[in-house]
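2 protein chains.
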Amino acid sequence: MIRKTRLFTPGPTPLLPAAQFAMAAADIHHRTAEFRNLYRKVLADLKTFVGTRNDVLLLASSGTGAMEASVANLTSPGDRVLVLTAGKFGERWTGLAKAFGCDVEVVSVPYGQTFDLESVRKALKIETRAVLMQATESSTGVRHDVAGVARILKETGNDALLVVDGITGLGTTHLDMDGWGVDVLIGGSQKAVMIPPGLAYLAVSDRAWEAMEISLNPRYYFDLRKERKNAAKGESAYTPAVALIAALGAALDYIAGQAGGDLALGREQLVDNAETCAAMTRAAVQALGLRLFAPDAPAAALTAVLPPEGMDSGLIVKELRSRFAAIVTDGQGEMKGKLFRIAHIGLFDYMDTIAMIGALEQVASALKFPGFQFGQALTAAQKVFAAESGLQRRSSALAAHAESMTPAAASATTR
Amino acid sequence: MIRKTRLFTPGPTPLLPAAQFAMAAADIHHRTAEFRNLYRKVLADLKTFVGTRNDVLLLASSGTGAMEASVANLTSPGDRVLVLTAGKFGERWTGLAKAFGCDVEVVSVPYGQTFDLESVRKALKIETRAVLMQATESSTGVRHDVAGVARILKETGNDALLVVDGITGLGTTHLDMDGWGVDVLIGGSQKAVMIPPGLAYLAVSDRAWEAMEISLNPRYYFDLRKERKNAAKGESAYTPAVALIAALGAALDYIAGQAGGDLALGREQLVDNAETCAAMTRAAVQALGLRLFAPDAPAAALTAVLPPEGMDSGLIVKELRSRFAAIVTDGQGEMKGKLFRIAHIGLFDYMDTIAMIGALEQVASALKFPGFQFGQALTAAQKVFAAESGLQRRSSALAAHAESMTPAAASATTR
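First to last, the sequence lines map onto chains A and B. Per my numbering, the first sequence starts with residue 1, numbered consecutively. Per my numbering, the second sequence starts with residue 416, numbered consecutively.
In short, the hints are calculated from the structure, not lab data. Idealized CB from N, CA, C, for every residue including glycine.
Estimated spans, in silico, between C-beta atoms of each pair:
no.	chain 1	residue 1	chain 2	residue 2	range
1	B	653	A	373	51 to 61 Å
2	A	223	B	456	46 to 56 Å
3	B	706	A	370	33 to 43 Å
4	B	747	A	233	54 to 64 Å
5	B	653	A	234	46 to 56 Å
6	A	34	B	737	37 to 47 Å
7	A	28	B	452	29 to 39 Å
8	B	452	A	370	56 to 66 Å
9	A	25	B	452	19 to 29 Å
10	B	462	A	234	53 to 63 Å
11	A	25	B	622	46 to 56 Å
Let the hints inform the model, and build the full structure from the sequences given.
Here it is as structure tokens:
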């Protein structure tokens, strides 16, 4: 049978066709007015997407490059930094901070869990340069409480900078950078913004810009002050990844509902979209008798699922790929063979999600999951979707009703 | 929520990405060696796709253009032609033949049915210039018995030319042009070959080429003899639709399994693919308590479904579009509001099909189909797919076993 390759991976994610076409058409030079106009627009649209008044910068790198830029620009050798780690990407913060000579304090919890905020509070009793954390941990499917950590920083009076890797979190979980007081918020292109890998972006607070002036760590390619100066002129410090920037422009237009399509999205709606896909998937795998790896704080970015007792999760990954060209990921590092991960980041809709669940049922049948019956998972997902779309319809109707009652307010918000 | 537009229409059908990219890249002139090489390759690959030793020609027109070319090149005013009609496209043959002055005899059956071959046999007792029919009737979802009509022509000794509109039939039903003795077999680009509308193709038998020499009907743009002469030189008589031809080349590579991908397809496998999608869909809609419009001879090209008693089918079409951007078609002409049609032509896989059925369940719930429960349709489709893929796996295993028993034959077929 025909099998169209479909990515259900937590990056790269499915590409937006309009972005693919923009990328293919991007035959422009980067030191021209044409590029500067594009670059200015993309940086401005990124601010809207991130939801911040802070400057947002783009780097030709993977997300890890922006993580390195944060450490290199904000710390000096010997600085105490606190890493909150609960998985492979938390561990990356530790590796990075150590590479730049920081004195690394770690609050860690086992894979699949999130932090106890009291441990974070205790660890912040000492003067600290920066707190490094993830918004969501892609290796385990856990959502961390960024707002809670930000609140503790305020409550304890610790003036550590809060640096958040939102690479899989942006567009899949609500993040209020300015309201909460996040100092650096990092994103990557191959995630919720629906384009290929190769770009990272980061929003930087005033406090963080000030801190950069006293940092003693070496930096050149990732010198954010230089990028900021150039960005003010509509340029990048070094050769930018032009085609990816053009793709990003098209994707941000789509997300903002400015590129036709039948639905005005926007950042918040993109998060809600991932939440619905995740809720359907969680209900489905539990109906199959499987357990969630992160039941207490599941991220909408991805659902990590434990295989049936005694089965290697790699077998499920392999069957989904060979039978349906549906690509999900196995566990990483120590979790290899112990869980599989289905992502909901970016361009997934109801049809993608229900199809994935259908394919998973076929695999469950072929691999003889205990007690399996066709329809178990699909029915559970259908009911979740029907309930959620019913709620959405009711809230839209309420909003329409409210608008109709206040014509002045309604016309004021009409663009 | 995000809604990706998905066509489940009996043309246009979903586009193959590799064909889209080839189309975008086709910046070539049509009177060059580069184009001639492309054109020769596409015409040769079309012969393989159609499965014939006859010449295959391409026209820059819709499928109706190739239908007109058949009538204009093969008939003279006053010729008796027999039209077999069971829907809107059968009626198109009648209109065309009358426009060219033919004496049109019609064997017709009500929409949703196929012909009684005995009526055809009776109608062929008189000398007839051509029999005009569809392989599958897109307006009703019926499959006609082309082999049966061909056999009757031989049995009755009537030397009428057999002209078959295979526009939705090619790639969705088995057609053995040379073995059965079909004289003209017509296809369109926006169908099983996965590219946009704008090209028609037709395979022409030796007998049909001879018949053209005595036809008195006027023809210029659609003069097939001129096209054949030019095609022998790798050219088209008039300006060809270059980008569509490049797209067709890429699509035929994909269908033949020559364009990477994880599955070698081929013409027969493409038909089997449509059969599986259709079987899943038929089981699903019947599990919903709906009736098939063409239960006796359902085509794999599309499934035509009657709505619940008293409901306008347009409502189902509208809900699928507005909730899921899933585009299906309502009935045409006199069937408007009375049925809806879900297509399986070309680039559909398991995931597309199960997603469509999931969306249909959501619509059934919203529209309160009598007795509806979530999982009804999906479970029925899942069981059909599991049974069919089990059969395929067993037949692959048997074939592998047979090959292992005959090493000489196995090595002979290895490329």
